[in-house]
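Participant: Numbering (the numbering used here), first residue to last: 244 to 877.
Hints were generated in silico from the structure; no laboratory data involved. Source: prediction; values computed, not measured. Heads up, some of the hints might be wrong.
[To be verified] Here are the simulated DSSO-like pairs of lysine-lysine, each with C-alpha atoms no more than 27 Å apart in a straight line:
#: 1; residue 1: 331; residue 2: 540
#: 2; residue 1: 321; residue 2: 331
#: 3; residue 1: 473; residue 2: 540
[What the hints assert, rightly or not] Using C-beta positions, here's what the derived DEER-type ranges look like:
#: 4; residue 1: 499; residue 2: 376; range: 42 to 48 Å
#: 5; residue 1: 567; residue 2: 834; range: 36 to 42 Å
#: 6; residue 1: 757; residue 2: 568; range: 44 to 50 Å
#: 7; residue 1: 311; residue 2: 359; range: 39 to 45 Å
#: 8; residue 1: 728; residue 2: 568; range: 37 to 43 Å
#: 9; residue 1: 757; residue 2: 651; range: 42 to 48 Å
All C-beta atoms in this analysis are idealised placements derived from N, C-alpha and C, irrespective of residue type, glycine included.
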Amino acid sequence: MSDVASPGRLARAARTAAAGALACVSLAACASVPMTGPVVPGEGGDSTGDPYGGYVRLLPAGPQPGVEPEGLIDGFLKDLGSFEEDHKAARSYMLPEMSEDWSPDGAVRVFSDQDAVDLDSEISTDGLSATVRIRSNEMASIDESGKYVPAETGTMLEETFTLAREDGDPEGEWRIRDLPDEIILSQLDVERTYRPFNLYYFNPTGSALVPDPVYLPVSTDQLAERLLRKLIGGPTDWLAPAVISAFPEGMVPRTEIDAERAVINIAGVPDADEYSMGAQIAWTLRQLPEIQEFTLKINGEEVSFPQSDGDSSDRPRPGSDYWARVSPGATASGIRAYFTHDGQLWSAADWEADTFDDAERVAGPLGTGDVPLERFAVSLDESTVAGITLGGSEVVTSFASAGAEPREVLSDGMFTELSWDVNGNLWVVEETRDNGRSEDDDEDDEDAPAGDEPVSTGTGGQDPPAPGDTALWLLRDGDEVVQAEVRGLRDHSLVHFKISRDGTRAAVVTEQDGQRSLQVGRVVEGEDGQVSVGAFISLADQELEDVTGVAWRSSDQLVVLGSRDGGTTQALFVALDGGTPAASAGTPVAGMVTISGAPGQPLLAGSDDGNIWVSTDPLNWKNVVEGSSPTFPG
């Protein structure tokens, strides 16, 4: 095949700047940004935002004299949002014995709005006790580990409080004698007093850290201690089966925190992995701007980290590059981006340049177009290209080097999705209806109701597969084929699947009764080698509509193509913490059909008119080159 001009030169004349950001768009984007952190993180945990921003100390007056039962509980719910002096205000609503025994460290249930709470009271015939029942829409829950889980639409919060007169006096003040085990907070109180933080654990191979988002109250005292105790105590129940920790189970640290330094004392660990422990601590603590260094003591001895940029080797900096080799981003800083043009695969290193003269054709048969592809994915080390051939019936791989030969790794199917993880594993989605089926299967279909007949594939604008009509394949090291089990999507069609770069989680788009949902599931490998993806949690379900694409922007943030409130399809950031609202990724660009992101890189989008767009800042997109399917490795 003869040489052709660089697609950068081909498109230079047609390149145009994206529409300028309008002031109203800017304001709308800012309005969607929560107080809980930055919109665009790098690799996770290295936020430059202020976790204390927006926090206001509240010192409520407590219950008013002569208040009736309903008024007492109404005031209690309002004052529960004050964490000052160990919830002094909330305790003032309780009888003394209840106040002493009450612990505010349990799970949290989140209701929508104080004005939307129905209260119903009943006073005993002797006038000495009362019950108050509350009812409201439940928005979410935060379990004892800090995991935030949005509630399903229509979930109701219903609880009962028992009240009594002080000292058994018919004229005494009403106070709470018994109350629910969970703390009950309004959504506004959670937004004001809680912030999402990441705890960091390792993927099973120890090659990358994995963020475990938790919500913690952000009162200005003891935040570092709480974060370290949770980290060393172990991951949330949801993530625990998918990750490992360098800290032994049940470990209770002793911590000392001063103005800029944390000291963590660990005892009873005979064979400690010092670097791994230090990395977990460093990536977790770098979220707190006040902690500039830390000291790790194991069995009484200070651990030395000589290359960690601290004032001394036993006082490393959390933000040092020393911890980068297990970065949660699981990517190199100089990764290239890839796209197709005229049936060939190209790559470029500088997407912010005015021209694309540095764009290069990818070597090997999958790069030069010798094997035409419908879809492709590039391994994280950028050595290997995987592709689905035209028609979708085969998956092939090839080294991205001259003289390489393509290798068929899956065949005789209808393959739709590809993605790689940091361990060199290739994940492939297959639609299974009418593919490789036996005569018995065909006979079963003849007995099935007419409404169960197969429909067209879920790619493009066509109908998704029926629930259960997809298979997920894991090719270990891009070679050994294992069928992974997908759990919990029985009644949903699987439309899109993207493995996280660390290999522990999967972002999926599903469809049920015409409604699409964005979800994240965990990846678990059993002792027998069986791999499953399950325990799916919905993300931004009440905000997003018509999700048509998903990619991992960073280890703790997705970027999706979708719309809000029936608006225009656009790129949106979705955090994995479950509570941060989806945020706009810039002025909508007409016709976006694919999206891709990577830690520390601009977003890439492909449009249906054969152009590639790059996000030049949080509000603007720029049309940079002709081509399609732009993507980063992964």
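Participant: Hint by hint, say whether it matches the structure.
Facilitator: These are the hints, each one checked on the structure:
no., hint, in the structure
1, 331 / 540, "violated (35 Å)"
2, 321 / 331, "holds (13 Å)"
3, 473 / 540, "holds (18 Å)"
4, 499 / 376: 42 to 48 Å, "holds (46 Å)"
5, 567 / 834: 36 to 42 Å, "holds (37 Å)"
6, 757 / 568: 44 to 50 Å, "holds (46 Å)"
7, 311 / 359: 39 to 45 Å, "violated (20 Å)"
8, 728 / 568: 37 to 43 Å, "violated (32 Å)"
9, 757 / 651: 42 to 48 Å, "violated (36 Å)"
The structure is inconsistent with the numbered hints 1, 7, 8 and 9, although it conforms to all the rest.
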